[in-house]
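Chain A is already provided as a structure; the job is to place chain B on it using the hints.
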Amino acid sequence: MLQKIRDKTQGVISHILVGLLIAVFALWGVDRIVGNLSQSAPELTVNGDEIPSAEIDRLAQKKTQDMIKQLGNKPDLSKLDESFSRVAAVNELIQRKLLEQAAESSGMAVSVNAVDRRIRQTSDFQLDGVYNAKLATQMLQGAGLTPNSYRAQLSRDILLNQQLAGYTATGFVTPDQLAKLAALVHQKRSLRYFVVPSAKFTDSVTVSDQDIQDYYQHNQKLFQQEEQVSIEYVELNKAKLMDAVAVSDEQLKAAYQDEVAAFKAQTERRASHILWPASTEAEIAAARKEAAAVKARLDAGEDFSKLAKQYSKDADSAQKGGDLGFTTGSNFPEPFEAALQKMTVNQVSEPVQSEFGIHLIKLTELKDTKIDSFETRKEALLHDLKQKGADALFTSKLEELKTLSFESPDLTEPSTRLMLPKQTTGLFGRSGGTGIAAAKPVITAAFSQEVMEKGLNSEVISVDDKTSVVLHVLEHQPAQVRPLDVVRGEVEVTLRQQKAKAQAKELGDSFLNAVKNGDNIDALLGAQHLGWTALENIERSEPKLNPEITDKVFTMDRPQDGKTILDGLAMQAGDYAVVELKNVTEGSQADVKEAEAASMRNFLSQQAGANDFAGYMKSMEAHAKIKGRDKQLAAKDPLL
Amino acid sequence: MALDTTEEEQVEALKNWWKDNGTSLLTGVVVVLALMFGFRKWQDSQSSTVGEASDLYQQIADMSVNNVGKVVTDDELLAAQNVYSQLKEQYSSTIYTRYAALAMAKFHADKGELDLAATELQWVLDHQSIGLLKKADPELFLIARQRLALVRLAQGNPKGAIDLLHGADAGTFVTTFSETEGDALLQLGDRDSARAAYQKALAAIGEGNPVLLKLKLQDLGVSVSSVETKQ
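Residue numbers (the working numbering), protein chains in the order written: chain A, 1 to 640; chain B, 1 to 231.
Okay, chain B solo, but in the shape it has when bound:
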């Protein structure tokens, strides 16, 4: 503005500006506030939905924590199935239903119900997307993939297991992927490739427990002491 404008002129200019722009500004503010209010409302409803899913999952999580290294009883499995079907019907797009599916697969696999375990793990692999604004960690699906390979192997399908393991980059799961692949190769009678797979698994084991892999390697002609001196 020019230097000689008086205060009155400034007030006048402001009034004019308001006349021209006031309505649109107010409209803008109202629209933004309304959007925000709506977003919050939507967020709240979302989180209460998720909260219900969370409560349901908690029951299954408690059961799996209490049954690490144990086979669940028929009653426990029935209770878990009830909760799980609620999750799948009402909250199938949440991360919780995927965690629950992993737990259900464990319950079944431990009991030797391989087909049922495979169904749950396959469901996880087939439902990786959990909605527009959310993202499940990709590691979850690598884990489900390797576990499904274990089940395929137990079902007497080593080729199916290998196909699954080759279907994704193992990333930081080289040890578990390669060990399962070794098991499958051995089942197919390919001792040399199995040995190579076990050696790959052992090389990536880091701080994990190497005892079982060493045992498997020993049976394929790799002496335990040679493995130790190499490390």
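Looking at chain A on its own, in the form it has when it is part of the complex:
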């Protein structure tokens, strides 16, 4: 009995199991399941979907290349930050994946027709504007794509664009928004103002030693100085070595003799021709006939250049009387050159056939190339020899420098033995100094543990392709607060400005109160050689007004009941402004020109769409399970 029950249950269980297995394999495919098991752990996943590293690498490289292109034709690759393209690539692929997932879960799809249409419209697949199946297949094979994978890719692109359009292209602007923007942008304010300059007081204020001490004590952070070093160094310089290379007259002459020996004399021939183009046999026969006729006239004494102008079908040379310029024996077709070789000057050939047709050729000039004289070659030879000598010297001295500086505690020995003077720099920080101290490898070496802390000679550092140096730290100054004596001058200037600023404000405020009290402000101002500046109906973009004052004027409350608004403004530079706002007029649509209205509409609706899409992506990322992002961001581009 028990056995029977067990058998029964086994039967039920096994058929459920088998059924399930069949269903699973049928729905998802064997390869999805087995494939997943056999792969190593996925690197970057978004809600469980993997983004292959190879894809990230590919996009990051493309972005880096785009950046290089943007840097112009002489890219400074040291400025290139490839981690930038990597971050952009990772983020872009995550966003794409999120959008793909959203498309799937919201039931978006692309019809077969839409994909067909897109393929037919792809210009790369078109011959003379018409879709060409053979061309399309070739293009796909070239890109390593199968038709199915390409169609899938197109489907994804179409879906992505549908989503983008749904969010970004549906932002709008209501008439209300446009009116409010016009009111703000074209708001007009009328005002008058005067400025009490702090410069009035900078000379008259007094700064005591106690003031300076107090300021210094309370503002130590301002006087922090980073760690600095100064170095001495010896420099091996190819250009300087060239000066040291002595070249004797014998060497120069020997070098010239080598040149003479290597020189092959050449004969240059200048040719003119008359051409009858021909390729078929009939054409050739006809051309020959015509050429023979012209040849007869030439033999009878007619002028070649005239007849060339008249008969030659080679338009360029015909204009010049058939002249083709010089050849060293290989500029023209072979039969042409062969004929030329056998001719004497001013002789005209019988008709010659080449791939272009039938020519009548005239040799107009014969010239033997000559080798330059020793005197003309001397300078260049001297330079060559010196350079060769300097190169050899540089290599051998470099080896010596390496050994000597490694074995010596300082630069004295290398300097004397190699006759390289010791040079020094001033103190510089990790951001570098001037001259040699501006070179990155020099800075790195100077602040390295070996050199800065242990006081050893550096290795030989190649600064550029002509210069190598070895350096030694002279002085190492740890990070410190600069002493008061050094910064006293700076502090005094600062304090003087502060006090002058306070005085300007004091005077300005007293004037402000005078205006409020209805005193005779103009007399007061006049006594200080100051006066009001009045501006009527200015907008925010008013070029005549200091932007700081503009900002102030446009933040002031609106005057009410005919009363003006008064306020003071301590400006960045230390001056003090007093502003009286008289009235505010809101802008209206009438102030907005047509082009401006269009750009406002464009700006507002694009911004609306962009903000909405950004919010959508941000929200999706916040809700997604993204694994391995940091690892991918940190990963190096395998090519760089």
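Hints are supplied without guarantee of correctness; some may be wrong.
Pairs of lysine to aspartate or glutamate residues, derived as DMTMM-like cross-links and limited to a Cα-Cα distance of at most 25 Å, are as follows [said to hold, decoys possible]: (1) B:70 x A:594; (2) B:134 x A:621; (3) A:134 x A:157; (4) A:180 x B:190; (5) B:111 x A:176; (6) A:593 x B:113; (7) B:159 x A:586; (8) A:582 x B:207; (9) A:180 x B:52; (10) A:402 x A:459; (11) A:625 x B:207; (12) B:135 x A:104; (13) A:188 x B:190; (14) B:200 x A:157; (15) A:618 x B:113.
Calculated from the model, a selection of chain B residues having no Cβ within reach of chain A, i.e. all distances over 10 Å [what the hints assert, rightly or not]: (16) 7; (17) 8; (18) 58; (19) 76; (20) 85; (21) 92; (22) 115; (23) 150; (24) 154; (25) 160; (26) 200.
On the chain A side, residues computed to face chain B include the following (Cβ under 10 Å) [stated by the list, open to error]: (27) 105; (28) 113; (29) 171; (30) 176; (31) 185; (32) 532; (33) 536; (34) 537; (35) 601; (36) 602; (37) 618; (38) 620; (39) 622.
Think of the hints as simulated: they come from the structure by calculation, not from any bench. Where is the CB? At the ideal position from N, CA and C, for every residue including glycine.
Then chain B, alone, in the frame of chain A:
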């Protein structure tokens, strides 16, 4: 099984097992296959339905992409309306009809047809479910909500706008929600609350363009330079 069972016995046992269970197993397999086949068939019909909706939407999407920052012409609007009514009649449960409604709202709002724009946006808000197995992203409805608030404001209904904006958690849309709320509060004459709303919007702006918000704040007495130094 016991160790002494012979091969014959094993075969016999297998035969018996098959006699007992074979029919039910086969039935199981057939049923599963039939279900699967049916599911695939259903999926195909679904996707071809969606494909048609997708094609229709594409026409409206193209039109909205071509008219970013522009007002559509009457002819374009008429064409869009034709396509849109097909979508609404035959595919009203797809995500595409909602995207299309957003586009229609844009066409109308740009033209100043505020009531029509409001109708489309309200329809989106009232039809968030798109079927059993599918789910529209909730962000879509937050966006529709804020856009409807903009339209309400333009209709001269700032209270209605504020009610809409308070009707949902703004999530990652704090900047747009708060800016619109600020506009509504200002329209109601509450400058202090408007200023606070704009400041909230600016604080959440991230990489967005702050120019307009700064302008609005400046008009409420917040100096542009003070905003800059704070950031």
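Taking the hints in turn, this is what the structure says about them:
1. B:70 x A:594: 13 Å, holds
2. B:134 x A:621: Measuring from Cα to Cα gives roughly 20 Å; hence the hint holds.
3. A:134 x A:157: 23 Å, holds
4. A:180 x B:190: 16 Å, holds
5. B:111 x A:176: Holds - the C-alpha atoms of residue 176 of chain A and residue 111 of chain B are around 12 Å apart, at most 25 Å.
6. A:593 x B:113: Roughly 23 Å between the alpha carbons, so the hint for residue 593 of chain A and residue 113 of chain B holds.
7. B:159 x A:586: The given pair, whose Cα atoms are some 24 Å apart, holds under the 25 Å limit.
8. A:582 x B:207: 37 Å, violated
9. A:180 x B:52: 42 Å, violated
10. A:402 x A:459: 7 Å, holds
11. A:625 x B:207: The hint holds at about 23 Å.
12. B:135 x A:104: 9 Å, holds
13. A:188 x B:190: Roughly 22 Å between the alpha carbons, so the hint for residue 188 of chain A and residue 190 of chain B holds.
14. B:200 x A:157: 36 Å, violated
15. A:618 x B:113: At roughly 31 Å apart (the allowed maximum being 25 Å), residue 113 of chain B and residue 618 of chain A break the hint.
16. 7: Non-interface label stands for residue 7 of chain B: nearest chain A Cβ at 21 Å, farther than 10 Å.
17. 8: 20 Å, holds
18. 58: 7 Å, violated
19. 76: 14 Å, holds
20. 85: 18 Å, holds
21. 92: Non-interface label stands for residue 92 of chain B: nearest chain A Cβ at 13 Å, farther than 10 Å.
22. 115: Residue 115 of chain B is indeed farther than 10 Å from all Cβ atoms of chain A, at 12 Å.
23. 150: 6 Å, violated
24. 154: Check fails; 4 Å does not lie beyond 10 Å.
25. 160: 13 Å, holds
26. 200: Non-interface label on residue 200 of chain B holds, nearest chain A Cβ at 15 Å vs cutoff 10 Å.
27. 105: Hint on residue 105 of chain A: holds, closest Cβ of chain B at ~5 Å, below 10 Å.
28. 113: 7 Å, holds
29. 171: 7 Å, holds
30. 176: 4 Å, holds
31. 185: 7 Å, holds
32. 532: 22 Å, violated
33. 536: 20 Å, violated
34. 537: Interface hint status for residue 537 of chain A: violated (17 Å vs cutoff 10 Å).
35. 601: Status holds, d = 5 Å.
36. 602: Hint holds; residue 602 of chain A Cβ to chain B Cβ min 3 Å, cut 10 Å.
37. 618: 4 Å, holds
38. 620: 7 Å, holds
39. 622: 7 Å, holds
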